[in-house]
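**Student:** Can you build the whole structure from these sequences, using the hints too?
So the protein lines, in turn, are chains A and B.
Position 7 of the first sequence, counting from 1, maps to 7 under the numbering used here, and the rest follow consecutively.
Heads up, the numbering used here is the position in the second sequence plus 104, with the first residue counted as 1.
In short, the hints are calculated from the structure, not lab data.
Among the chain B residues that face chain A by a calculated CB cut under 10 Å, a handful are:
id, residue
1, G169
2, T170
3, A176
4, E177
5, A188
6, V200
7, L203
Everything numeric in this text was worked out from a predicted model, so none of it was measured.
Glycine included, each C-beta is placed from N, C-alpha and C at the ideal position.
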Amino acid sequence: MAWMAIVGAGICEIFGVIGINGASTRKGWPYIVLMLVSFAFSFSLLSYAMTSIPMGTAYAVWTGIGTVGSTLTGMFLFGERKEAKRLLFIAMILVAAIGLKLIT
Amino acid sequence: MNRNWLYVFIGGLIEIVWVSGLKHASNVWEWALTALAIILSFGLIIAASKRLPVGTVYAVFTGIGTAGTVLAEMLLFGEAFSLAKVLLIGLLLCGVIGLKLVTDQQSAKGGEA
Chain A
1 MAWMAIVGAG
11 ICEIFGVIGI
21 NGASTRKGWP
31 YIVLMLVSFA
41 FSFSLLSYAM
51 TSIPMGTAYA
61 VWTGIGTVGS
71 TLTGMFLFGE
81 RKEAKRLLFI
91 AMILVAAIGL
101 KLIT
Chain B
105 MNRNWLYVFI
115 GGLIEIVWVS
125 GLKHASNVWE
135 WALTALAIIL
145 SFGLIIAASK
155 RLPVGTVYAV
165 FTGIGTAGTV
175 LAEMLLFGEA
185 FSLAKVLLIG
195 LLLCGVIGLK
205 LVTDQQSAKG
215 GEA
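**Tutor:** In structure tokens:
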């Protein structure tokens, strides 16, 4: 359950970042609402996950999922190039996150 | 040191405070401090990335947050040292920093950051 919560927190973080980008470029209040709600969910889920997963591990995986997610969002929704080196870094993060789950 | 980079470093250090708060806060005042730390660290990072390359700012910020939380849990909160865990977190950090630095090269070419 705690690991599911971290994945959920990482996904909420992606929406939070979309909200920040929208709020800073278009000044629209819907983006500010999206940002606040997404981060509220994200931090609540992260806090819940840390009741049973060590703090450093939970934070690292949360950040990793947020980074991978926003990169994939850029590639698939905003037409960024799928460069080999970006895919390699994504693979590194996923291998590390799975390894951490297995040893925790 | 450039004032904007100072914001990034202070923001990264405050990041460690709120992550610790999310795990360890137990009363209203500690939760209020945690919320304040979240607002402060994000505010500093957003202010810094208006003047500096966004990918590099986030790479440094995440690096401080990741290394800092691992150190804090071992030095302050008595979590046992595990070599395998530290190495895996190091690998994850390399992936995050790599992805964020590549994002700057994309923005420089005119891509969406």
